Structures are given as C-alpha cells and as structure tokens.
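With the hints as your guide, set chain B onto chain A.
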Amino acid sequence: MDWIAMGTGFTLILMGLYGALTNRNILRIIVSFTVADTGVNLVLVAVGYMHGRTAPILDEAVSAAQAVTRIIDPVPQALVLTAIVIGLGVTALMLTYAYKLYEVKGILDISKCKDLKW
Amino acid sequence: MVSPIYIIAGGLGAAFLLGLLPAKWRTFAYGITLATLAFMSWVAGSWLYAFAVNGALPVEIFTAGTQPPFAINLRVGLAEAALALLMTLTGLHAALYMKDTLFKQGRQAMAILLIFIMALCGVVFTRDLFNLFVFMELVMISTGGLVLLSSDQRALGAGIKYLIVSQLISMLMLIGIVFAYHATGTLNIDGMAAAHINLFKGGSLAFFLIFMAVVAELKPFPANGWGLDIYESAHPAFSALFSVATGGATLYAVDKLLLIGGAQWLPMASAIGIVTFIAANLFALVQTNDRRLLGYSSVAQIGLIFTVMGQQDILGERYYFIAGGILLAHAVAKAGLFWLSGLVKQRQLTDWAALRSQPLLVFAFVTFIALLVGLPPFPGFYAKWDLAHLLAADGRLWLLGLILFGALLEAAYLFRWFGYIIKREGSEAGLALQPMKVDATLGAVVVAWLLAYLWGQLSGHGNLLHAIPLLFALLFLPLEWLPAKVKNIMAIAGLVGWFYLSYPSYDAFQLIFAAVMLPGGALILLASFQTQQRRVGFYPAAMLMFAGLSMLIVAKGSFDFFAAWETLTVGSYFLILRGKHSEPHALSYLVFSLGGAFLILAGFALAAQGVMDFQIAALAQVAKPFAPWVFALLAIGFMTKTASVGVHIWLPGAHAEAETDVSPMVSGILLKAGLFGLFVLLMTMGKQQLYGVELTHVMLWIGAISALVGNLLAIFQEDAKRLLAYSSVGQMGYALFGLALMNHLGWLMALMFVINHYIYKSMLFLSVGGVAKRTGTREMYRMGGLITLMPLSFIATLIGIIAVSGVPPLSGFGGRWIFYNAIMTADYRLPMVIIFLAGPIAFLYLFRLIHTVFLGQLKDEFRKIKEAPFWIILPQMIFVAALMVFALVPGVALRKVDVYLSQFFAGNGHLNWEGLTISSDFGYWNPVAIMVIIGVIFSTLFAWLLFVNRKAQPVKQFNIVFAAERPFRPETTHYAWNFFAPYRKALGFLTQPLVTRFWEAVTELLHSAAEVLRRIYTGNGQTYAIHLLAFVVVVYLLWMGGSDGI
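Line by line, the protein sequences are chains A and B. If you're matching positions, the first sequence starts at -12 in the working numbering and goes up one per residue. If you're matching positions, the second sequence starts at 1199 in the working numbering and goes up one per residue.
These aren't lab readings, by the way, just hints derived from the structure by calculation. Note that this is a predicted model, so its numbers are computed, not measured. Keep in mind that a hint or two might mislead.
Said to hold, decoys possible - Where chain B lies over chain A, by a calculated footprint (3+ residues, C-beta under 8 angstroms): (1) -5 to 8; (2) 15 to 26; (3) 30 to 44; (4) 52 to 66; (5) 79 to 90; (6) 93 to 105.
Said to hold, decoys possible - Think about it this way: if two alpha-carbon atoms lie no more than 25 angstroms apart in a straight line, the pair counts; the simulated SDA-like pairs of lysine to any residue are: (7) 99(A) to 1306(B); (8) 1543(B) to 91(A); (9) 101(A) to 1454(B); (10) 1454(B) to 69(A); (11) 87(A) to 1306(B); (12) 87(A) to 1299(B); (13) 104(A) to 2202(B); (14) 101(A) to 11(A).
All C-beta atoms in this analysis are idealised placements derived from N, C-alpha and C, irrespective of residue type, glycine included.
If we strip away everything but chain A, and leave its shape as in the complex, we get (with noise of 0.2 angstroms):
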C-alpha cells in the first residue's frame, strides 16, 4: 500500500516539475505547482504510514497506554497539515501576481517578463 501512495507521489511531483517548467503561462505552472505539491504531500503521509496500525487518535478504541504500539507516527500526519496550510498560501500569493501581472502588463507569460537580466 504505502508503495503505492509513494510512487504516485514522487510521479505527481516529477508530472508537476514537468508542467511547471515547459508551460509558459503563468496560471498553468501555478496549477502544475499544486500537482506537484500534491505529490510532495503524499509522500509525506506514505513515509510516516506503518503498517497494521490506526489512525492516532487517542478514544475508547485506543488508550494511550496502548498507543505505542497501535497508532502510526502522528508527525507526519501534522506536518502534511502544515504544509498544505503553507502551499495554500503561496499559491494564493502567486495567483495574486498572476492576476497583477495580468493586470499591469496584460501578460500572462513567463517568457515575457524577462526586462530584468544579466
């Protein structure tokens, strides 16, 4: 199982890579962008996933005496929180450069905005 959600998620991370960097318009490397954060994210749950256990949610179910040896590793779980809280925020951040972008040059190509070189 866990196999599988890491293939996908390393395959979701290198498709995203791949659009971000032969798109040029801006809106789709954003989207390729939350692709690949999709995958990064899913390799983070794979990682922290053990087998035979359940989820780490402290009930009648399971008592913290048990825990130890009945739940999987919560960090994981919390940083997969956390960075799909953060990737919110930077693809909002660049949607709104998008959108200035758009705005201000009436471009929505990357390969234009190359006034600043060398």
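Using the frame of chain A, we list chain B on its own:
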C-alpha cells in the same frame, strides 16, 4: 528581562492587530509598526547585552511546556541575540525609510513587514527542523509581498520568478525533512545531530536535500538569477533587508544544519561558497546598474561567509569572530549602500556623481566600501587577517588565493565606482534627499565605526582605533569646515610633533625613513599653503597616508606592519584620486597596491604558520619549505609599491596626474615605503633559493631592467611630469639593484637613494608643477625660454638634475660613488652592464627637461608669466640648501647607518669616515674637496665665457622675419617635440608597452568572460528554476564522485 519569545510574539501579535484596525488609521498603524520593531530590537538588544557583558547562559524556550523532541524548542544565545538585533534594527530603519511607501500601501504592508522580521528571527531561534521550514516559508511569502512595495513595475516579474524558485526549494526541503525524520525519529536539530544522520540508509541523501534547500536561499552561483532580479527592482529598503536580514538568518540556518550533517559536509560548503564569491564578483565587474551591482556584491559576500563556514574545522574559537566580522561588515555596508541608492535618482553608477555635492554622504560611501573590502580599521580587516593566517597554517593555500583574488575583484569595482562619484559629471539635481533616509544612512555609518572599535577590541592584536597617528588623521574629518591654511598648519605641526616625540625611539635605520617621511612630508606640505579655500578631502587623505607611513616604520609585529601598509595605501589612493584626470590612474594604483598588499598578507600568513602575533624579526627563523615562498610573496608585494618593471604601469599616470603638491608626496615619500619593506625583508630573510634560483639574483635583474626601461621610457615623454614619473621607475630600479647586491655598500647606497631621491624628486616635481601651473600645460615643447621669467624654478631644476644624474659635486655623485664601490665587490656582470647603460640614458631625459623647458625660445603666449607662487618655490629652495648640505657632509646622515648596517655583514666592506674624507677598499671620496674643485673649474670657465662674449650683441627673439605657412600640426616642426627621435629609432623596440598590454589583456579577459558568462541569467523564470535543479544535481554528482560511501 523580557523573554526572547516576545520578539516573535510581539511581531506576530502586532501584525494581527494591524489587520483589525480600520484602514484609515494609517498614522496609528505606522506608530504600532515602529513601536513593535523598536520593542523587538530592545528585547534582542537587552539579551545581547546580557550574553556579551554579563555572561548569561543561552536561554531555552520550550513551547507547549514540553521538552523536545515532543515539542518545538527555541534557543537564544549570543549569536542569536546579535543576529536578532541586527535584523530587527534593520527592519526598524527600513520602516522609517519606507515611511511614504508604507503610508501609501496601508496597514497590510506594515503587517507583512512585521511578519517578515518576526519570521527571520524565528529562522534564527528555532531548533526544530520543521519549524525552520515553516519560518522559511513565512519569510518567502512575506518577501513575495514586500517585493511589490517597489515603484518599479519590473518587480512583478522578479517576484514571480522568486516564487517559482521557492516552490522548488520548499519541495526539496519537505521531502528531505520527512526522510530525515524517518531515519532519525526526531525533528529536533540537536537530536538529529546526536543521531548521526549520515550513518542511516538514505540519511545522507535526506540531509543533502534539506541542505540544498537552505543553501539555495543563500543564492549560490549559478542558481541565483532570481535574487539578483529582486535586488535590482525591489524598493531599496527592502533590498537592504533582503541582503542583510535574509542573508544573515539563512546563513545561521545553514550553520545549524551543518551541526546535523557534521564535518564531512564542510568542504562542500566552502566549494559552493568560493565559486559563488568569485563568480558574483566577476559578473559585478561589468555591471552599470547600481542596485544590481550591489546585488552581485551581496551574493558574493554571503558566498564568502559560506566559504568561511566551511572552514570552521580549522578556525576553532576564531570562527565566530571571523564569520561574524565579515557578516556584520557586509550587513552594515550593504544596508547603508542600498539606503544611499534610494537617495540617488538615476540608476547608472555614474549618476552617483551627484553625491559629490554632499561630502557627508561621500564619507558614508567611503565607509561602506571600506567595510566591504575589509580595510583597516573595520571588522573585515581583522577577520581577513585571522582567516588568512588560519588557512595558511593548515596549508589551504588555494582557498586563500581564491579568496584574495575575489576580494581584489570586489575592491576593483567598488573603488571604480568611488572614482565615478568623485570625478564624473554630476549635480545636486541628481539627488532626492529626505531627512529620514539620510538619517538612516548616517546611522549605518555610526554603527560601522562602532563595530570597527568593537572588533579592534576583540581582535587580540591591539585596537587600530587606539593608534594615535590614525586618530590624528581621522581628526581632520570633523574639521573639514576649517580653511585649508589652518588645517595645513595643523598637519605640519602634527608631522613634526610626532617626529619629535618618536625621535628617541628610532634606531639609525628607522631614523632615515622617519626623517624623509615626517619632517620631509611637512616640508612638502609647505607647498600646500598656496591652495585656497577649504580643500575638502585633502587633509584626511594625506594624513591617513602619513599615519600609515609613521606606523609602518615602527611596526614590530606583522599585523601592525600590514595594518600600516593598508592604511597608507588607502590614504595615498584618495590623495592621487584628487588629480583632475587621475580617475583611471588612481584605480590602477589601488588595484596594484591592494594586489601587492594581499601578497604581503599571504606571505606573512605563510610565514606565521598560525602564530597570530608574528614578529617581523621572526621572519629570519622561517623554516625551509616556506621560506623562499614567503620571500617571493613579500618581495613582489613590496615591489608593487616601488613600481618595479612588470608592476610599474600604475606609476606614470598616478604620479603625473596628481596635484602639484601631491606628486612630490607620492613620489618622494610614498615610494620609500616599498623600499622600507624590501629592506626589512632582506635584513631578516637574506638570501633564499627557490628551485635552485637565488631570489636576490632575480631581484638584481628586476632592478637593472627597471632602471633601464624606466629611464628609456622617460626620455621619450612629452609630458614633463610623466618624464619625472618614469624617472622614478628607473631610480627605484637602482635602489632595488643596490639592495639586491646583498653587500654593505649596496645597502648603504640604497639608503642614500632614500634621501637623495626624496630631495631631488620632490624638488623637481614642485618646480615642474609650478611651471605647469603658470603655463597651463605639462607638454615640454609648448614651453621654452622660461629661464629669465622663472629663475628660481630654473635653479631648483638645475640643481635637481645635477643631483639626479650623479655628476659631481652634488650628493647624487656620492650615491654613484658608493654604488660603483658596491658593484666592484659583487660578481654579477650582465645586470651590471645594464645598470651602467641606464646611467647615460638618465642624462638624456634630464637634459631634455632643462633644455626644452627653460632654455631655447620663449613662446609668445608666455611672455608675461611670473615666477611660480611663493609657497611652491619656498620648499624648493629649502631642498636646494638641503642638497648642498647633504653633498658636503653626507656623514651626518650616513655614518650612523653605516655602523648599523655593519651588523648584517660582519663588518665587511663598510666605509671609513675620517674627518671629511670617506674611504673604501677601492678609493676615497672627499665631498668638500670635490665641491671646491668643481666650483673653481665652473667659475673659471664661466668667467672666461663672459670674457670672450663681452662684445656679443644681444638680439631680441623676434629680430628675424618668420615666414611660410603654419603647418597642420605645429609641434611636429618644433625641435623640442619628439626630442630624441633618433634614439627612438634605435632603442624604441625596448619601450614597447608590453607590460601595459599584458595587464590590459588580463583586464579585458576578465571583463569579456564576465560579459559572456553572465548571459546565463536570461531573465526567464523557468531557466532560473532549471538552474536550481541543475545546481542540485551537479553538486550531488560531484559530491558523490568526491566522497565514497555517502
């Protein structure tokens, strides 16, 4: 004391509060922003005080009340508090500086600024890897927001490129973090360090990804195009933050990461750092946009600190002193320069000439570039010294060489820029002065000097800001408003007074140099009385040079020696730059001199082998494998100052284009610093063989060729001051030759040259300068017949050239006499022939000087000119008297030195001084008798001449008819133009500017390489992303190839 967590909590809380305020309460919001930043600075400052002064222990902050690794912990110690203070203060100044922009953009912009500073403090404080990621993402997002504060629309493009690259960075980091966690079971940095991540399967790769992600934020070459675009287009106050605060915090994050990785990752850090340092400085050479140049310089400096970081295994306890010194110097200088750039309206480097109308801002600029280049007394200087010594002690000479090369490139473009400010066209209209912005900049200047003092205290070498000569020179800065004449009196009094005070402590050898440099300098300063008004900039520069000289001759340790050397180099550079057309020449002087200084630094570092307070006298004990290399490095370093052939090309322009009273100073006095260094070197190290070649023999050849080439070039000059300048190359060649003879008389003759050359070259430069002042030209063929109009200048020149040419009866003859005696005892035939050949050539240019300027036909336009100004004539007349006295009783100066030198040659070959007669193994010399005989012969011939010419009829100059047409280039028909054409035909091939061409080719090569290579920064955001990926892959492959098993 308030817990340091409030630095973060305060920033965060205030940012949220700003979000709740009504949009119209701008002043209130701005007040909150300033108050919060001030509060954060205060907390950081109070902790810094506690750590540094009270010796408090680092504070651990446990969030959620739990110990790590179950909760995030932060740590604040000395380094963290210092960085936090740096970042919050820069933030506070940025907020002040951007007041207009922040008011326009409203509370959101202010909140983002607070978040930015808060997040950077978090990056520094946190001890948790994932928390580090979160803070770095916060920095990145707020950077994205702050870039938009710029009024430059291109910032939009820069911002989006930055975001694309940051996406890649965060992916690398996240994947790295999760695998590192998987391998070690903790996210705590110290816990991970204890777990030895490299031992786990995949652990190295995981660490590599994290490391690369953070390193990428340092803008390593070539994955740094995005950073440069931001520097160029963002608001200057933000660029300052981006360079200072982001750079500092990220460097500290890398330092923490290296704890996890361990020592095996250090070489990689140094490799990436040094490549970045050199590449960025190289590319900066061809920049014309000021902010992009500052961006390149920022990238370079951070690369340098990263290099230092990679050397922490050998730096030991000096690590934080060195890295911190460079970092703080970079931070203050870069913040100051970016803030200055906000005061200049246009973006070309040459537009900065507008600054010239504000001397205070020029001083600020000088402070900043001196900080960056690491000149004394700033922290970078001490750091450079320690770094060089520790690197050399461990045999990491390649790295040392590369660092010094990069530093030289940086000095070259920064001082070229300074030349633009001083020399290019500019008016006050090019400035946009706002009191708040000016205050921020001047605040940085104050901090710079405070840091200079602090680092001097910490250095363990003695604080340069305690050196009285240096303080005396700096004293002239606040006194610039006084009239020049008052300052001149002070300067003369200072030089003479310092000589008087130090007199008892000089030995015979030091006394000769001290007499030439201090009272000698005062004598030349008499000529400065003829300048009017305030003469801003002259006295601090001149006194800086004299301070360096006076510190040089008494220096016991190599550190003091080197500090004095750099001080006099910088002072003389500012002095030379004052000439009307001297911009390129001053730059070439500085580059050669700093290059020479770096060789000297390397030489001392190699000799010291880790001993920080190395004594000059200990050069004598340097062991075999290093000794010849130390000798060669030091000798070449000193020879850049004496302008020996090969490194002489700066001299003619620098000396000829300098002001009238500056030329004698830099020629008559400054050149002696090089001779002093060579003397000290030979006295301590003596003869050294490198690959079987006797190095003093090489010096002998260099001296002989310098004498020949210098003299040859001098005879073909049309410009009188250039003629004298080239003559100095030749004269210094003689002195070098004498030194390299390695016998008693050779050294005595070199010492005699120190005095002689000072007197006659100062005198000639002054008289030629006076003539040039009256005639308005330095071209000799435009002059002529001035003997009757400027008789005193003529007498000075006549006496001067008699002395230079070494014919009896003046002291030049004494020099020659000792010289020929010295040669008799040495056994090098061929260089001897060359040096003999150079003698008559000297006679040719001297003849030309007096003939074409003072004899012959008077030009019509000069019919009414007067004698040179009194204050220029006065020192010349004193020099004439001095020459006469020195010619009659050379023993006054030389006798003691003769005894002093005996210790080096076991008494062999010294002279016998009996009464007025001086005798050697080969003959005797009685100066008084010679003077009398020559006097009798001269007066007899003169009387006879008057007698036979008694019936001659004086004819007026225009008593003949001039006819024919005016030729196209009148000078071609003038006898004085191309005076020695036949000699040029015969010997011209020897004067091909081969050396000039060589150095021009080197410069050209560097510039075209930069021009071509910097095109990798295409401006396309996707290309930059590919650069980053390629960088990671290439580093990985090289790393894998370089170390097995990781």
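Status of each hint after checking the structure:
1. With a cut-off of 8 angstroms between beta carbons, the segment -5 to 8 of chain A has 4 residues touching chain B; three or more are needed, and the interface restraint holds.
2. Note: the segment 15 to 26 of chain A has 4 residues with beta-carbon separation from chain B under 8 angstroms; the three-residue rule is met and the coverage holds.
3. Under a criterion of three residues with beta carbons nearer than 8 angstroms to beta carbons of chain B, the stated coverage of the segment 30 to 44 of chain A is upheld, 4 such residues being counted.
4. Beta-carbon proximity to chain B at under 8 angstroms applies to 3 residues in the segment 52 to 66 of chain A; the threshold of 3 is reached and the given coverage holds.
5. Counting residues of the segment 79 to 90 of chain A whose beta-carbon sits less than 8 angstroms from any beta-carbon of chain B gives 6, enough to reach three: the coverage restraint holds.
6. Given a C-beta distance limit of less than 8 angstroms, the hint that chain B covers the segment 93 to 105 of chain A holds, as 8 residues qualify and 3 suffice.
7. For the given pair, residue 99(A) sits about 29 angstroms from residue 1306(B) by alpha-carbon distance, which is inconsistent with the 25 angstroms threshold.
8. At most 25 angstroms may separate the alpha-carbon atoms for a hinted pair to count; residue 1543(B) and residue 91(A) meet this at roughly 23 angstroms.
9. Between residue 101(A) and residue 1454(B) the alpha-carbon distance is near 36 angstroms, which puts this suggested pair outside the 25 angstroms criterion.
10. Among the hinted pairs, residue 1454(B) with residue 69(A) is consistent with the structure: their alpha-carbon atoms are about 22 angstroms apart, no more than 25 angstroms.
11. Restraint check: the Cα-Cα separation between residue 87(A) and residue 1306(B) comes to about 17 angstroms, which is no more than 25 angstroms; the hinted pair holds.
12. Distance check on the hinted pair: residue 87(A) and residue 1299(B) sit about 18 angstroms apart at the alpha-carbon level, within 25 angstroms; holds.
13. Restraint check for residue 104(A) and residue 2202(B): the C-alpha separation of about 22 angstroms stays at or below 25 angstroms, so the hint holds.
14. Straight-line distance between C-alpha atoms of residue 101(A) and residue 11(A) comes to about 13 angstroms, which keeps the hinted pair within the 25 angstroms bound.
When the structure is compared with the earlier hints, violations turn up for hints 7 and 9 and for no others.
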